[in-house]
Structure formats: structure tokens, C-alpha cells
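Novice: Generate the whole structure from the sequences, applying the supplied hints.
Number of protein chains: 2
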Amino acid sequence: MGWGDLGVFGEPSKETPNLDVMAAQGMLFPNFYTANPLCSPSRAALLTGRLPVRNGFYTTNAHARNAYTPQEIVGGISQDEILLPELLKKKDYVSKIIGKWHLGHRSQYLPLKHGFDEWFGSPNCHFGPYNNSVRPNIPVYNNSEMTGRYYEEFEINVKTGESNLTQIYLKEGLDFISQQATAQRPFFLYWAPDATHSPVYASERFLGKSQRGRYGDAVMELDDSIGQILAHLVSLGIHNNTLVFFTSDNGAAVMSGAHQSGSNGPFLCGKETTFEGGMREPAIAWWPGRIPAGTVSYQLASVMDLFSTSLSVTGVLPPDDRVIDGLDLSPVLFNNSLLDRPIFYYRGNQMMAVRIGQYKVHYWTWSNSWEEYNTGINFCPGQEVPGVTTHTQEEHTMQPLIFHLGQDPGERYPISVQSEEYRDVHRQVTAVVEQHQKDLIPGMPQLNILCDFSVTAKLSLFCAMNALEDCLGSQ
Amino acid sequence: MGWGDLGVFGEPSKETPNLDVMAAQGMLFPNFYTANPLCSPSRAALLTGRLPVRNGFYTTNAHARNAYTPQEIVGGISQDEILLPELLKKKDYVSKIIGKWHLGHRSQYLPLKHGFDEWFGSPNCHFGPYNNSVRPNIPVYNNSEMTGRYYEEFEINVKTGESNLTQIYLKEGLDFISQQATAQRPFFLYWAPDATHSPVYASERFLGKSQRGRYGDAVMELDDSIGQILAHLVSLGIHNNTLVFFTSDNGAAVMSGAHQSGSNGPFLCGKETTFEGGMREPAIAWWPGRIPAGTVSYQLASVMDLFSTSLSVTGVLPPDDRVIDGLDLSPVLFNNSLLDRPIFYYRGNQMMAVRIGQYKVHYWTWSNSWEEYNTGINFCPGQEVPGVTTHTQEEHTMQPLIFHLGQDPGERYPISVQSEEYRDVHRQVTAVVEQHQKDLIPGMPQLNILCDFSVTAKLSLFCAMNALEDCLGSQ
Chain A
1 MGWGDLGVFG EPSKETPNLD VMAAQGMLFP NFYTANPLCS PSRAALLTGR LPVRNGFYTT
61 NAHARNAYTP QEIVGGISQD EILLPELLKK KDYVSKIIGK WHLGHRSQYL PLKHGFDEWF
121 GSPNCHFGPY NNSVRPNIPV YNNSEMTGRY YEEFEINVKT GESNLTQIYL KEGLDFISQQ
181 ATAQRPFFLY WAPDATHSPV YASERFLGKS QRGRYGDAVM ELDDSIGQIL AHLVSLGIHN
241 NTLVFFTSDN GAAVMSGAHQ SGSNGPFLCG KETTFEGGMR EPAIAWWPGR IPAGTVSYQL
301 ASVMDLFSTS LSVTGVLPPD DRVIDGLDLS PVLFNNSLLD RPIFYYRGNQ MMAVRIGQYK
361 VHYWTWSNSW EEYNTGINFC PGQEVPGVTT HTQEEHTMQP LIFHLGQDPG ERYPISVQSE
421 EYRDVHRQVT AVVEQHQKDL IPGMPQLNIL CDFSVTAKLS LFCAMNALED CLGSQ
Chain C
1 MGWGDLGVFG EPSKETPNLD VMAAQGMLFP NFYTANPLCS PSRAALLTGR LPVRNGFYTT
61 NAHARNAYTP QEIVGGISQD EILLPELLKK KDYVSKIIGK WHLGHRSQYL PLKHGFDEWF
121 GSPNCHFGPY NNSVRPNIPV YNNSEMTGRY YEEFEINVKT GESNLTQIYL KEGLDFISQQ
181 ATAQRPFFLY WAPDATHSPV YASERFLGKS QRGRYGDAVM ELDDSIGQIL AHLVSLGIHN
241 NTLVFFTSDN GAAVMSGAHQ SGSNGPFLCG KETTFEGGMR EPAIAWWPGR IPAGTVSYQL
301 ASVMDLFSTS LSVTGVLPPD DRVIDGLDLS PVLFNNSLLD RPIFYYRGNQ MMAVRIGQYK
361 VHYWTWSNSW EEYNTGINFC PGQEVPGVTT HTQEEHTMQP LIFHLGQDPG ERYPISVQSE
421 EYRDVHRQVT AVVEQHQKDL IPGMPQLNIL CDFSVTAKLS LFCAMNALED CLGSQ
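Heads up: the protein sequence lines correspond to chains A and C, in order.
Going by UniProt numbering, the residue at position 217 of the first sequence is 217; the numbering climbs one at a time, nothing skipped.
Going by UniProt numbering, the residue at position 431 of the second sequence is 431; the numbering climbs one at a time, nothing skipped.
Since the hints were derived computationally from the structure, they do not count as laboratory data.
Incorrect hints may appear among the rest.
Intra- or inter-copy, both count: the list cannot distinguish identical chains.
To be verified - Using 20 Å as the maximum straight-line C-alpha spacing, the simulated DMTMM-like pairs for lysine to aspartate or glutamate come out as follows:
hint : residue 1 : residue 2
1    : LYS209    : GLU421
2    : LYS159    : GLU420
3    : LYS113    : ASP92
4    : LYS113    : ASP80
5    : LYS171    : ASP117
6    : LYS159    : ASP321
7    : LYS159    : GLU421
8    : LYS91     : ASP320
Specialist: Next comes the structure, spelled out in C-alpha cells:
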């Protein structure tokens, strides 16, 4: 889902009444970022509070290439990483993930091995189907048991777009909440549906209801589900004791065409890129009685902050043996403070850009390769900023491109290198980047070259590269 | 001001709290249009309820070229047109215009000759300065007396962007409202400030306050002013008896660069074009007690509807001797009805496109000429849709480009001409267009070739064409 898919962020059809009310009752973050413009590394960052380059969710075999965990890759989240639910156990939190995991599909990587007590969902995205003996469809798990597969027991009609999956995930979520409320147990629910991921789906009640087509139907169903989850918390009387945060894992996949694409609002490009359309996310915090209603926070915030903030509000100390990139947003949420911090935009193993204050400084620019572009895959349809949305990887390290995102959210007008403004920003950001790079010890890359075709592991570079191409191409 | 300049329409800085509250207390129109993507014809349409091609605010001397009333053109609103304030006199309404008139600067065209009882403002936009004996600065009128000139008695510091003009216009507005309330006279106030028009200005209290730079400062001051006007109506106790409508005359002038441009949100291109960015406008209706609070109307609506709706709510019959393009929105405002109607997108004398329902059908495409583009004037910066944002005038009459604006608000993905959807829409729209063209009797073009240099009328084609180029280039 993209920044621009919410009514409160200007989607013209205004079809997210529940999220808009959530914002009116909570705090809206227009400057909220993911840690990588692709699913797996973004989710690994959410759960570890660390940049993918630290937690290992990147590759070193192709410069600036994002990587994830397609069904063919054997890598996954390292045993050395400490995930949020593991830490929350110290305070007896029960944790459940519902929906897409995406941190590795081999048994040692699955959620129950990394701190979650319960899981209903799939290790990977629902796209496919693979549906043959060599590449079976993606499994759906109920805890540690496979309970079926997408397109088989869990139907998705690619032609009509009908699927009950979001309703199934919703019921799982409501039931989990009820159980914990009844048992008076503290809980962490990571509700991660994937209805807006191509191939987009919705259940019968929502199909055809949106002005935006099937993608809008999926958004409406997610919006409705979130409304039901919030209402359920209220009906159980635990809303004053529950922090709810809504966000997305990357910008809308605008390469997916008219029928499967979301909106990144006024921002440039989308998923896979480090332009604002790929990295800036819709974000709303909700906690009646604690977070002041109807506030807008301009805090530069990140998906990694959810790790640190969750620890803070539950009274758990973060690990002290590693760098944590997340920031504790408590002062923001409860006192509307503004904390000084940079945002780093990584694409694979390459830091492409940095934001400090209103300024974004691009050290590398790239949309996608001419080779891929010429096959019809366009990361920036309808958008072209000369020298910015480049189809070759362009290094600007010596003289970065600098934009003022308040005046120029669409990254169209680089600030003149001859201006004092440019020199001031360049000087400030250089210090920030030097500090970041000095402290940076990259984690062992987990998504490099190992892969299998489901059952039989076939270790070959050909296979790995093929899988990587496949993930970039098929999203 | 553009569609995307309001927080409620997704401007990331969210700096229009008063307009956002106005929307929360009233009705928001995401599908509201101007009648022409340029100032003068848009305002002529507002006050006459008629398309510019009917009311004469167009040219026939250059195909698809928008025209307005620069200081050099002697044309203006025809005596044959009936303006809203003339009709409201039948119910004893006192009418005042504050700010920019733009329907002609010669004495016979001025507001007091066309139904307004009072005027404080200028016949033309504040850009310039001309400031020499041949081309003096734009005058500012207090009723029929010139009370000074821009850049002289009414200062605008182009370098700092400081000007008190919006505060002066605000005070004029509040005073007028107070006077009518005291006298218990019904009134029509046409409050038409121009702070967001390049060169953008704001008063000292707002300068430097926005995250968006000077343009944002101007928006904040307008937003604050509107908040004060609404609060004044409430404090006078006349809010339950006053319809307030907020809108803009054309899309944001994105050709004006990073510091003077507004935002058209997710829409394509801007001012001067018949893409959504040029024609779709922010729009909010407010009437506590009559218009249900916090509603969104998907009605396809137009600036010309304000003419018809104003007549309807005041109980005045519209003229029956001419075609009125405006629609009475009362059923929409008071009962949230949806009325079936097309939107016609004109550029100068050429119908470029038509919207019916969610479908927009382009018969002609054009951004601006290669010649102009190559001088650095770009009507679609950062945006390029091959075959759509063309730099030559492209006729598609035989096989129009059709977009679904719900699924594709950015006009990026023409619907396949081979699809049933295309054929259905094409058939429907053809009937609508044939009816429109059958009934269309163009008015006498008022903005064709006459011009003067202020005092001495010099009738020459050179002069006229020069003036037209000047207006296109200097906005």
C-alpha cells in the first residue's frame, strides 16, 4: 500500500473512512519511512529495529539490488538477530503474527522459532501460483502445521480477484485479541495481510465496491478490517491500554499497472526505489487517552522505531550488544516532541540517500535498468525527472543531488550546487553520513546466493540469480 | 491554488487546519472542476454560470490557446452576459468583490458595471511590475476610485515575498460582513485574493512559517483568513443562514518552479492544461445546520454550479433566454444526491476532453509547444505520459484516449481501444458530445485581437499576439 492510498493522505476516492477516523482519533505521521523499499528487508527491520544492512537482509552480489525471500531462496532471518516478540517475552507478552512473514521459509526461519507464540499465515507472498511438483504453491501455516496452500485450500481467483483471505486473517486477529483479553494477558499482534499485493484480491462483499477498481476493493476491505479491530479493542475495554500502529512495508508497486497499483500521492516513483514513492509510508498511531487525538506529527520516523517504541512502552530494555537504528517515539506520541534524526535510504547494500530535516540528499540515483525497462517494467510510470529517475546507476557521491522535500515533495528541483543552502546542507549531511559509515558493521548477507527449488536444494549461481530476477520481475 | 494544496487533499505538510476543519464541518468535493484552466475564463464562468465558449471568454485566433485579460487587452465581459450579483439584486442582496476581478480592466467592464455594489481590489493579477509611463503598474480600486497601484501604494516586496495584501483583503471582507449583518441585509461576498499567484506573497506573520517555503506561507495565510471569516460568521450568529464555498480558479501553476508552484496532488500537469492537474479544484461547501458535517460528495461538479446553486438557495430564477451550464447542487448539498452530468474540458475554443462518470475521454491532447517548452516553460514538470502530455496538438477525435479516473487519476493508462469497456464508454460519450455540440452557439469572442498599451490604444495584430504570449509566459 502506498502513502497516497488513504483518504487522509489525499486519495481522491476517499474510501478509507476507518483509517481516516483512526487518524482523527490518533496521530498522523506524514514523514514516516520504511527501511527498504521491498517487503522482506522492510519486515526484518520492523522486527529487529535494525537496518537490513545490519540484520543481514540484503545481498552483496549485485550492487544496489533489493532482495527478498522468494520461495527459491534458502536464506532467512539470522539466529543472531533478536526479534521484538523475543524481547516482549520478558514481560510475558503473547505474540502472534497473522499473514505474511517473509523472513525465510525454511523451518529454522519460521516465526515460532523467532519469538512468536502463534502464527496464521504464509512464509511468503501469495503470488504465484507455482503449482507443480518442482515448485508447489506457497503454504499457509497454522502455527507450526501447514494447513493448506494458496490457490488450493486457500482460494484466490486470479480472474475475478475474489478471495476470503482478509476475512480469515481478520477473524484470526479478533479471536486472538478476545482470547488474550479474556485471559488478561498482554499481547503483541502483528497483523500483516497482503490483499493489496499483486495479484490483488478482496472478498465478495467488497469486490466491485470501490471507485478505484480491484485494488481499491482490497484497500476498502483492509480499511474495514482495521475499523473492526479498533472497535473490538473498544468493546473489550482495552483500548486505553493498547497501542495500535498502522503502516505499510514499502511504497505502492506502481510498476504493476493500472489495475494492481496503489498510489504514492504526490511522491516520485514507487516500490523498489529510494525515491519518496518507494520509501515514505502511510502511518497512524492510535492509543485513546495516551496519544492526543487529531494530531499531526512531522517527526521523521521509521518502521524500525516501532521496535524501540514497543520496548519502551512495555518497559523492556533494548539489546545493548548491537546497534539499534530504531528510535523510541514515546516523547513524540505522548508529548508531541520532535526528535532530531536522519533517515537512511538503502537499496540493497547501497546507501542511496539520506534525509536530514526537510532535505534529502541523493548519493546514488536509479530507477531500474534499461534492460528491464525495455521489457515494459517501469518503476516510475508517467514520471520522469531528468538526471534523477535514471535508468543507469548514477553516482553523485562527490556532488550529491539535494532536494527540499517540503517545497518539492516530488523531487523535481535539485537545489543549485552554487547556493549557500546547498553548501550548508552538504556540510551537515556529510557529518551525519561519516558518523553512520564509521559505525556501520554490515551483517552477514543472508540473501546472497543460496537457493533451492522447494524440496531439492540446488546450489548454483544460475539458480540464485534466476530467483532474484524472478522476484524483481514478478512483483 | 491546486487540488493537492490542502491537508485534507493530502498535502504532506498538512498546513491548512482551517480548511480541513471547514471540510470536517461541511461537504468535500474531490470531483470539482473549473470551466477553463486559466484565470479570466474560469472567473467569467463562475459569475455567468456559462462555459467561456458561450460567454465570450476565449479567442478564435489561435487553436486551443487559453486567453485572459492582461493589462494590454481591451476586451472584457460582454454587456450581454448576466452576472450572478445582477440576478441577486432581485432579492435585495448587496454584493461585493474583494481581490482580483479579471473580467476586463476598461471602465465598462469593471465590477460595479456588472452588478457588484462594492469592490476592493484590482482588475488584474498583481504580477508585473510594469512601472513605467507606457505600462504603469496594475491599479487597486476602492469601488470606482483608484486608490493606488501594486508595488507603489500597495507594496509587494518581490525579493522577500512580503506583502500585507491578504490582510487588507481579509479586513475588507470581515468589515463588509459585519456591516451587512448589522443592517440585516442579505449579501454576496466574492472574496478573491491572489496571494498564491506568482510572485507569491505573505504578510510578515506568515513569512517563513511554512514547511513548503513562500508558497506554503501564502497558503497558510489564506487558510488562516478563511478560518477568521468562518469564525466571524459564527460570532455574528449568521452561520446557519450563510452558504460558504471554497474553491480555486485553476490548477496549481506547476510551470512556476520550485518556489512559486502549488501542488495538484496525484494529478497530471497543471494550470493551462486540460489534464486533471489543470482543471480539478479543491472545493468545500459549508453551511452549518443545512449541509451535513463531514461528508464527501463524489458529485461531478463545476465552478459554474456556484452560479446556479446560489440562485436556487436565494430563490431567484435563472435567465431563461440562454443556455446555463451550471447545475443546481442543492440536492447534493442538502440530500447528498448524485446528479448525472458531464464535465467539458475546454482549452480556449477547443473542447479537449469530456468526463462522464469515472471516464475521461480526450479528443485532443497538448501540454505546451516544443517552442515554448524549449525556452524552459514546462506545464508538466517531472511528468511525462507518452502520447498524452504531447508537445504538439494531437487530435484523437476518431479514436479518443479514454481513462478511468478512479483507477487511474494520473491519466497514465489509456483503456485499450479493443476492449468492450472502451466501446461502451465511447458510445455513451459520443451521444453526450453530439448533444453538446448541436446546442452550442459560441458567444462573440471577447479576447481576440484588440489591445492597447494602457493609455493609447494601438490596434495591431503584433500587439495582440505579443500580449497573448506575454500572458502565457509570465504566469
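Novice: Tell me the numbers of any earlier hints that the structure contravenes, in ascending order.
Specialist: As far as the earlier hints go, only 6 is violated by this structure.
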